[in-house]
Amino acid sequence: RKEVEQDPGPFNVPEGATVAFNCTYSNSASQSFFWYRQDCRKEPKLLMSVYSSGNEDGRFTAQLNRASQYISLLIRDSKLSDSATYLCVVTHGSGNTGKLIFGQGTTLQVKP
Amino acid sequence: SAVISQKPSRDICQRGTSLTIQCQVDSQVTMMFWYRQQPGQSLTLIATANQGSEATYESGFVIDKFPISRPNLTFSTLTVSNMSPEDSSIYLCSVEDRAGGGYGYTFGSGTRLTVV
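So the protein sequences, as listed, match chains A and B.
The end of the first sequence is residue 112 by my numbering, with every number in the run present.
The end of the second sequence is residue 116 by my numbering, with every number in the run present.
These are computed hints drawn from the structure, not numbers from a lab.
Some hints here could point you the wrong way.
What the hints assert, rightly or not - Derived DEER-like restraints, expressed as beta-carbon distance ranges:
(1) A/Ser52 - B/Glu58: 24 to 30 Å
(2) A/Tyr51 - B/Gln24: 28 to 34 Å
(3) B/Ile12 - A/Asn55: 40 to 46 Å
Claimed, not checked - From the derived model, a few chain B residues whose C-beta atoms are all more than 10 Å from chain A:
(4) Ser5
(5) Gln14
(6) Gln28
(7) Arg112
If you're wondering where the values come from, they're calculated on a predicted model, not measured in any experiment.
Where is the CB? At the ideal position from N, CA and C, for every residue including glycine.
So here's chain B without its partners, still in its complex pose:
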């Protein structure tokens, strides 16, 4: 299956600052996905990142708050801007994975963000 390297694994940030999360995939993928998992909740899709075009954001998420870069087919970043304590969550990237003839989605190990 695809291998995703996500970093940082965790961070504690001051409110009002920004954090950029990186995901590197060991294979070329058309789409990369960014999810948020708030404490005690399940995952919610933030946006879909396509190489060479602007990311597509889900309802409730905007580019100014969560700018995304997708400079090539193996890499993407998500920035959490002007952070507030409500942004404290786990952020995960994901890619479609068809390795070995199967079908599913593989996730990065997540970034645990605490905003103080």
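If we strip away everything but chain A, and leave its shape as in the complex, we get:
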């Protein structure tokens, strides 16, 4: 079983749609959680950190459920520019050691 699992998609949605990505992780000692965005042939870029209380940044909302070891990302009012691969990332074990474990990514394609 992979340490971080995501539905690879692709998710094909029209502009303006709301789309949700889910992620599960296997290591209950994981401490930090992130969503990264990766465009084709580019490096991953931090979209948002994920906190236990949930957090929102504009059209993006992230949720963390430690009991279920589940992370989600909600994108509202999708834009064409949201088309990318979204990577669920957790730190390995306890502490912020920088050992990031990446999910395989979920591909989003927003169509006009």
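Using the hints, position chain B against chain A.
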């Protein structure tokens, strides 16, 4: 956020040769991380580089194949040695980034390596 300059951005190399990738950070950082992203795959950690000590390698990666240098707090190199076509990947460095009160990890722009 931290700014990382990584080079080369891409290279095509003959099998059996070695390539050294460099990452320069615009601020001092304790740890630098090296990742590999194979075609169609997500990122996998190769090793963690601390200044003044030997790098710590993840399972499946060894120092003879991927020697790392960390001469100071702003710079690191990763060498891919005795390359084979299976080493064709994107290699990325990363640092912890706490600029602006946030927390995350910033990546270099990556080195796209093709071994022929």
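TODO: Look at the Cβ atoms of B/Ile12 and A/Asn55 and judge whether their distance stays inside 40 to 46 Å.
DONE: 43 Å, holds
Task: Verdict on B/Gln14 as a residue remote from chain A, using beta-carbon distances over 10 Å - done: 23 Å, holds
Task: C-beta pair A/Tyr51, B/Gln24: status relative to the range 28 to 34 Å that was hinted - done: The hint (28 to 34 Å, Cβ to Cβ) holds, given that A/Tyr51 and B/Gln24 are roughly 32 Å apart.
- [ ] Using the beta carbons of A/Ser52 and B/Glu58, state whether their distance is inside 24 to 30 Å or not.
- [x] 28 Å, holds
Task: Separation of B/Ser5 from chain A, once the least beta-carbon distance is taken, above 10 Å - done: Given a closest Cβ separation of 12 Å, the condition holds.
TODO: Determine whether the non-interface label on B/Gln28 survives the test: each CB of chain A must be over 10 Å from its CB.
DONE: 15 Å, holds
- [ ] Please confirm whether B/Arg112 is truly not at the interface, meaning its C-beta sits more than 10 Å away from all C-beta atoms of chain A.
- [x] Per Cβ check, B/Arg112 is inside 10 Å of chain A; nearest 8 Å; violated.
Hint compliance for this structure: hint 7 alone is broken.
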